[in-house]
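Novice: If you want the building blocks of each chain, they are given just below.
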Amino acid sequence: MLEHLKKLVAAETARTGKRRTIRLTDDTLRDGQQCLWATRMRTEHMLPIAERMDRAGFYAIQAVALVQFDASVLFLNQDPFERIRLLRERITRTPLRGAIRSNLMRGFFPVADDITELFVERQIANGIREIGVFDALLCADNLAPSIGVAHRLGADVTYLLGYNIAPGYDDALYASKAREGVERFGAKTVTLADAAGILTIDRVRTIVPAMKQAIGDVRLEFNTHCLTGLGPWLAIEAAVHGADTILTAVDPMANGNSLPAAQMIARNLREIGFDVTADDGLLDEVGEYFGALAEREGQPVGVPAEYEPSHYITQYAGGAMSNLQSQLKLAGIADKLPAVLEEIGRVRVELGSPIMVTPYPAIVSAQAVMNVLNKERYQVVPDEVKKYVCGYFGALPLPVDPNIKDRIIANGSKDVALTPPVIAPVLPGLRQRYKNVGDDELLLRYMYGDEKVDGLGPTAPGDSFSLDHPLVDLVAGLAQRRRKAQVQVSGAGFSLSAN
Amino acid sequence: MSKAAVRYSDVSLTDGQSARWAGAMTTPMMLAVAARLAAARPAAIEVASPAMLQQCVARGEDPWQRIELLRDRCSGVALRAAVAMLTEHGRRGADVLSTDLATLWLRELAQRGVSEVVMIDPLLSDERIAPLLKAAKVLGLTTIAALPFTQASARGDADLRDQAAALAKAGADRVMLRDEAGLLTADRLATLLPALRTGLRDTPLDLHLRCQTALGPLVALEAVRIGIDGLDTAFAPLANGASVPALGTLLKSQRLLGLGMPASEQELHAIREADRLLAELADRHGFEPAHAWVFDLAPYVHQLPGDVAAQFMRRLAAAGLSHRLHEFANECARVRSEVGAPPMLAPFARPIAEQALLHLQGMARYAELRPGVRRALQQVHGAAASGAVDARLAQRVGALPDTPTHAVAALKTEFPEASDAALLAAQACGVSPSALPDRAPIEALHYEATTPAGALLAGLTARAARYAQLGVQGPGVSIQLQGTEG
Chain A
1238 MLEHLKKLVA AETARTGKRR TIRLTDDTLR DGQQCLWATR MRTEHMLPIA
1288 ERMDRAGFYA IQAVALVQFD ASVLFLNQDP FERIRLLRER ITRTPLRGAI
1338 RSNLMRGFFP VADDITELFV ERQIANGIRE IGVFDALLCA DNLAPSIGVA
1388 HRLGADVTYL LGYNIAPGYD DALYASKARE GVERFGAKTV TLADAAGILT
1438 IDRVRTIVPA MKQAIGDVRL EFNTHCLTGL GPWLAIEAAV HGADTILTAV
1488 DPMANGNSLP AAQMIARNLR EIGFDVTADD GLLDEVGEYF GALAEREGQP
1538 VGVPAEYEPS HYITQYAGGA MSNLQSQLKL AGIADKLPAV LEEIGRVRVE
1588 LGSPIMVTPY PAIVSAQAVM NVLNKERYQV VPDEVKKYVC GYFGALPLPV
1638 DPNIKDRIIA NGSKDVALTP PVIAPVLPGL RQRYKNVGDD ELLLRYMYGD
1688 EKVDGLGPTA PGDSFSLDHP LVDLVAGLAQ RRRKAQVQVS GAGFSLSAN
Chain B
5 MSKAAVRYSD VSLTDGQSAR WAGAMTTPMM LAVAARLAAA RPAAIEVASP
55 AMLQQCVARG EDPWQRIELL RDRCSGVALR AAVAMLTEHG RRGADVLSTD
105 LATLWLRELA QRGVSEVVMI DPLLSDERIA PLLKAAKVLG LTTIAALPFT
155 QASARGDADL RDQAAALAKA GADRVMLRDE AGLLTADRLA TLLPALRTGL
205 RDTPLDLHLR CQTALGPLVA LEAVRIGIDG LDTAFAPLAN GASVPALGTL
255 LKSQRLLGLG MPASEQELHA IREADRLLAE LADRHGFEPA HAWVFDLAPY
305 VHQLPGDVAA QFMRRLAAAG LSHRLHEFAN ECARVRSEVG APPMLAPFAR
355 PIAEQALLHL QGMARYAELR PGVRRALQQV HGAAASGAVD ARLAQRVGAL
405 PDTPTHAVAA LKTEFPEASD AALLAAQACG VSPSALPDRA PIEALHYEAT
455 TPAGALLAGL TARAARYAQL GVQGPGVSIQ LQGTEG
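Taken in order, these protein sequences are the chains called A and B.
First residue of the first sequence: 1238, per the working numbering; consecutive thereafter.
First residue of the second sequence: 5, per the working numbering; consecutive thereafter.
Honestly, the hints are just simulated from the structure, not real lab data.
No experiment lies behind these values; they were computed from the predicted model shown.
Ranges between beta-carbon positions, derived for each pair:
#  : chain 1 : residue 1 : chain 2 : residue 2 : range
1  : A       : Gly1686   : B       : Ala28     : 53 to 63 angstroms
2  : A       : Gln1564   : B       : Met265    : 28 to 38 angstroms
3  : B       : Gly366    : A       : His1388   : 52 to 62 angstroms
4  : A       : Met1558   : B       : Leu325    : 39 to 49 angstroms
5  : B       : Arg318    : A       : Lys1244   : 28 to 38 angstroms
6  : A       : Asp1439   : B       : Ala28     : 32 to 42 angstroms
7  : B       : Met265    : A       : Ile1570   : 24 to 34 angstroms
8  : A       : Leu1715   : B       : His327    : 32 to 42 angstroms
9  : B       : Ala468    : A       : Leu1567   : 55 to 65 angstroms
10 : B       : Thr465    : A       : Thr1329   : 57 to 67 angstroms
11 : B       : Arg318    : A       : Leu1567   : 46 to 56 angstroms
12 : A       : Arg1256   : B       : His327    : 18 to 28 angstroms
13 : A       : Arg1277   : B       : Met265    : 37 to 47 angstroms
14 : A       : Thr1514   : B       : Ala453    : 50 to 60 angstroms
For each residue, glycine too, the CB sits at the ideal point set by N, CA and C.
Sequences and hints are given; from them, build the entire structure.
Specialist: Here's what the structure looks like:
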């Protein structure tokens, strides 16, 4: 294997006359902690190590996406814009990357362009220098307004294409979508995003060259996850077959459900003949910090996964599956789960095989449940399904089965118009409602409501966060007190007394 | 391909625990889990190997007694043993076991109820293998001849096909392709398996495959899909990493992919129970928890086999050298080439890795020679077919006078008091027969499950005199101790 890969790289070096340099984009702070810590990493956890990450040689550092906004506000009571600012103060050489999820903001339905545009604008204003844009339908029109803002404000665009196993999602489709991202939008980077880690080695060897050929000198970035244990291998072969950048996480925030490890990818790519811009010593220091942080916080680190082919077959994300189970249970039809799952597979293909990320699992499964419960398939059509085939969510990547489409339109609610209505701007109303409120706060209030935003607390200034065990901090704190006749501390699972 | 056609042999108690738990499993631990392992109904359970003999002797356990007691507890399941014709210890006259001594080994195993033997000669010497296969037949043993997988050979598949054919011709009942460094890929398997079939004709083909590159389970499934007659597996806590694939995962994956007859819930349940028992054992004794290794290209270069790979990855980590893994791998490959490119198996792999690590740690190349490297240069085990020894190194170590291998008769004269079993184990491990542990009284082999809390309590009690008063409180445990002295 190694000899073969070395030969391929050597042949390329001979052909082009120079060793190709592979860059790493860091995803520890965004996807790594999302995969391993359910996105519970706090801003103060990131600050003490940010400056060293900045010097480690990454092409870019992914700072936030929608999930980080959600977790930050809803669970950590922290302002995500503040996180961007504090990271930007410490990360000055490496571009910080933000993201948008199409025109959905954080909901299930498309929203007005003005609010999405403001969202992009405020990420950039707070320090984001690259915007990752993603639409689950691979619908470029949905992304055009955000990209326009990014370019107006001088930010680069990273154009993400989600990997999907389905009829019609062939290499030619990905090549043409990649070309569209470059030719229509001037994307600086095109990313093949394999969120579920379901790429196979054979597919990497065809899809990566096809996409690279389509975009020429534009940077091709490769992302996969390690659920099958094959992620590192896929990433190495992706580089050999034309990827310029690999998304990685710093070990031990890598592997398991997370991304391949930066340290391991750098070493292996160098070994087969590439140059890799990464400071290994710094990466190890960063890794040590996150290892200690995980221990301090009682959070897991990435444990390498054993290969299991089941991951390629389900394609129905864990979260969506548990939602479906509980819904069926509530409806008293838990026994129908196997039939519903089978029907989901059928409905998905008939609807043009959308990538199964929000909101599409919900839309497909709603129709599947109706099909299982009623005598005739598509006899009852949920409104979202009719909206979906009528293009409310955007142009569909592959046509919907015409017979099915007819039935959906005939049996769906007459209240759902065949042509999607124009969505009215929301900013004028918001500005009316929130006078004397800055745009960051306005966005957060729009996304999460007043109560949540009122409860946000500031992050402690400086990099004072300590990695020591809480007990050590406690004892150190007690030691600083001048007088202590008797101290008694008790809590769940421990008690401490000192005279 | 039906599932009934694939024989799954369990190597948890030999290769599994050597690779994953550094050989820390004691006879009482094995006896405590054996019945549960047997209940999962593998085609065979491997109970003995050269490494197992060494582990027993080092720990003061009688290996033969272990085999006998495991025989009692694994009723209904065939017992298997691995026998190596080359030894690693370096005692003159015992680098290669004579045919009569190896036959004695087989007889001792057969007498204790072992019915299958894997015969390993990394150099594939027909002179050594053929007579031993005959001897094993006479003893009624099923013989499985090991065919080491090596990736770099001039003719590749054709070489391996010819070697497989030679083993079958020499009389092996089965031939086992052994990929102890886990280097096989699905691509390679696609050409190699059909080639081996051509060479073997009707002789069944088994596969022993490690997981150092993390591809093991994938390659094992591919082998089942293309057609393999037997696979070595282990229970989950002793599988993956430098060990073989996990039986439970493999059967579940096959069921999902529609390969062969689907495993029943009952079978999977029995496997889960064995997995659970071993996981509890690991937890109780602080053995490494089960997890896979990360894919890496380094194993394709260092090619270290199972437990040697595990040991040296630990040593690199302990020395803070993990980031120089590829350098280490390249140095292993270079040393290997300089000592004549022997197969990366015992007795060659460990000394090559030791020598490479010394070089990596800054010793001038070959300033000192590891004893095993010296023996490899002197070709005490016979010439490796694949490569030439570095001339300057060969000149430096010089040639050894021919030393006849110890014959049984001579050994019996020298050690008239020793039993055959003791003689044999002593030769295999390089110790005096008198150094072999005695049989333990059966009650001493009873496994005591000590919980961490129990161990803590015992430890605190033993040290009670050092404390005036001690309180320990945690979830579910509260210990108060009053010391006798202030």
